[in-house]
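J.: Sequence:
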Amino acid sequence: MKFGVHSPSWFYGDDPHEIFEGIKRKAQYLDTHGYAWLSVMDHLIQIPIVGRADEPFMEGWTVLSALAAVTSKLRLATLVSSVAYRNPALLAKMAAGVDIISRGRLTLGLGAGWHEPEYKQYNWEFPPKPATRIGQLEDAVRLIKAMWTQSRTTYHGKYFKVEDAILEPKPVQKPHPPIMIGGSGEQLTLRVVARVGTATNLFGDPETIKHKYDVLKQHCEKEGRNYDEIERTNQFGNLLLARTEAELKAKRARLQIPDSVRLNALTPVQAIAMIGQYERAGTQMVISTFVRNDQESLELFTSDVKPLFT
2 MKFGVHSPSW FYGDDPHEIF EGIKRKAQYL DTHGYAWLSV MDHLIQIPIV GRADEPFMEG
62 WTVLSALAAV TSKLRLATLV SSVAYRNPAL LAKMAAGVDI ISRGRLTLGL GAGWHEPEYK
122 QYNWEFPPKP ATRIGQLEDA VRLIKAMWTQ SRTTYHGKYF KVEDAILEPK PVQKPHPPIM
182 IGGSGEQLTL RVVARVGTAT NLFGDPETIK HKYDVLKQHC EKEGRNYDEI ERTNQFGNLL
242 LARTEAELKA KRARLQIPDS VRLNALTPVQ AIAMIGQYER AGTQMVISTF VRNDQESLEL
302 FTSDVKPLFT
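First residue of the sequence shown: 2, per the numbering used here; consecutive thereafter.
FYI, nobody ran anything at the bench for these hints, they're computed from the structure.
Be aware that one or more of the hints could be misleading.
[To be verified] Below 25 Å or equal to it, Euclidean Cα-Cα: the simulated DSS-like pairs (lysine-lysine) are:
#1 K74 x K94
#2 K94 x K159
#3 K25 x K3
#4 K171 x K211
#5 K223 x K159
#6 K175 x K74
#7 K27 x K252
#8 K121 x K25
#9 K146 x K218
#10 K74 x K218
#11 K171 x K130
#12 K121 x K74
#13 K171 x K223
#14 K250 x K3
#15 K211 x K307
#16 K250 x K307
#17 K74 x K307
#18 K211 x K94
#19 K121 x K159
#20 K3 x K94
#21 K252 x K307
#22 K250 x K211
#23 K146 x K121
#24 K3 x K218
#25 K146 x K223
Source: prediction; values computed, not measured.
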């Protein structure tokens, strides 16, 4: 079992100009404590399940570029980039650059996109049908793979195209960096994972995750894809850890987390039991999110939970 951290919140104190120093400290802590992964969201405004829309929020690919230069072991990713936010040929170029800066530690996380208010604010077109957005996702992955592996790329897809396009230098990783597809739709998204993805990331309780993996395996069989080629990860989100229930209650009050926020408020023993269930469901990497970037929770996870599985 591998462990990673996803960082959707940019709350690192009251001064928004210290945001990068906060995520840098986290990345360097993970880099030196045996974690395999750090991801950030690719949004321009905060999403409702994490915080207020007007909270300070950094652009994900800019941050990944900077973190690539100050870490040495962590795999870095966006979880996940919406296919609509950048021309996929440009994204292929950007991602190749981050892979080079990191010396081969990029995973390209891609999704179909969903946060319509953000689309409207930034004047992106939001196709209302999920099937259209998922079709764009698959088309983009095929174009990006071609640009990463061909000397010059001409690609005419349903939604995107390039003509005799040059992308040099290519990414460090061969044949190309891993591509993680975010989303758990059983009919469309998991089928795209089976066709073109190298990793999948899912939400849900262990029983739900196991079912989704079973569906993915069925799609792989239909597509002639080796299921074991796809890395299976899931998010274990909104974690708040303390050694006792009383300490959990006190910490929630101290951090001023409203009762309306859904938490995985757990002791280490409870967290160990949950991760064991994910492991039995088939998860290969658990990607945890610590609410409000609580450093105490991260350190307790590192000392009391992770060592039992690594």
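J.: Mind listing which of the numbered hints don't hold for this structure, in increasing order?
T.: 4, 8, 10, 11, 12, 13, 14, 18, 20, 22 and 23
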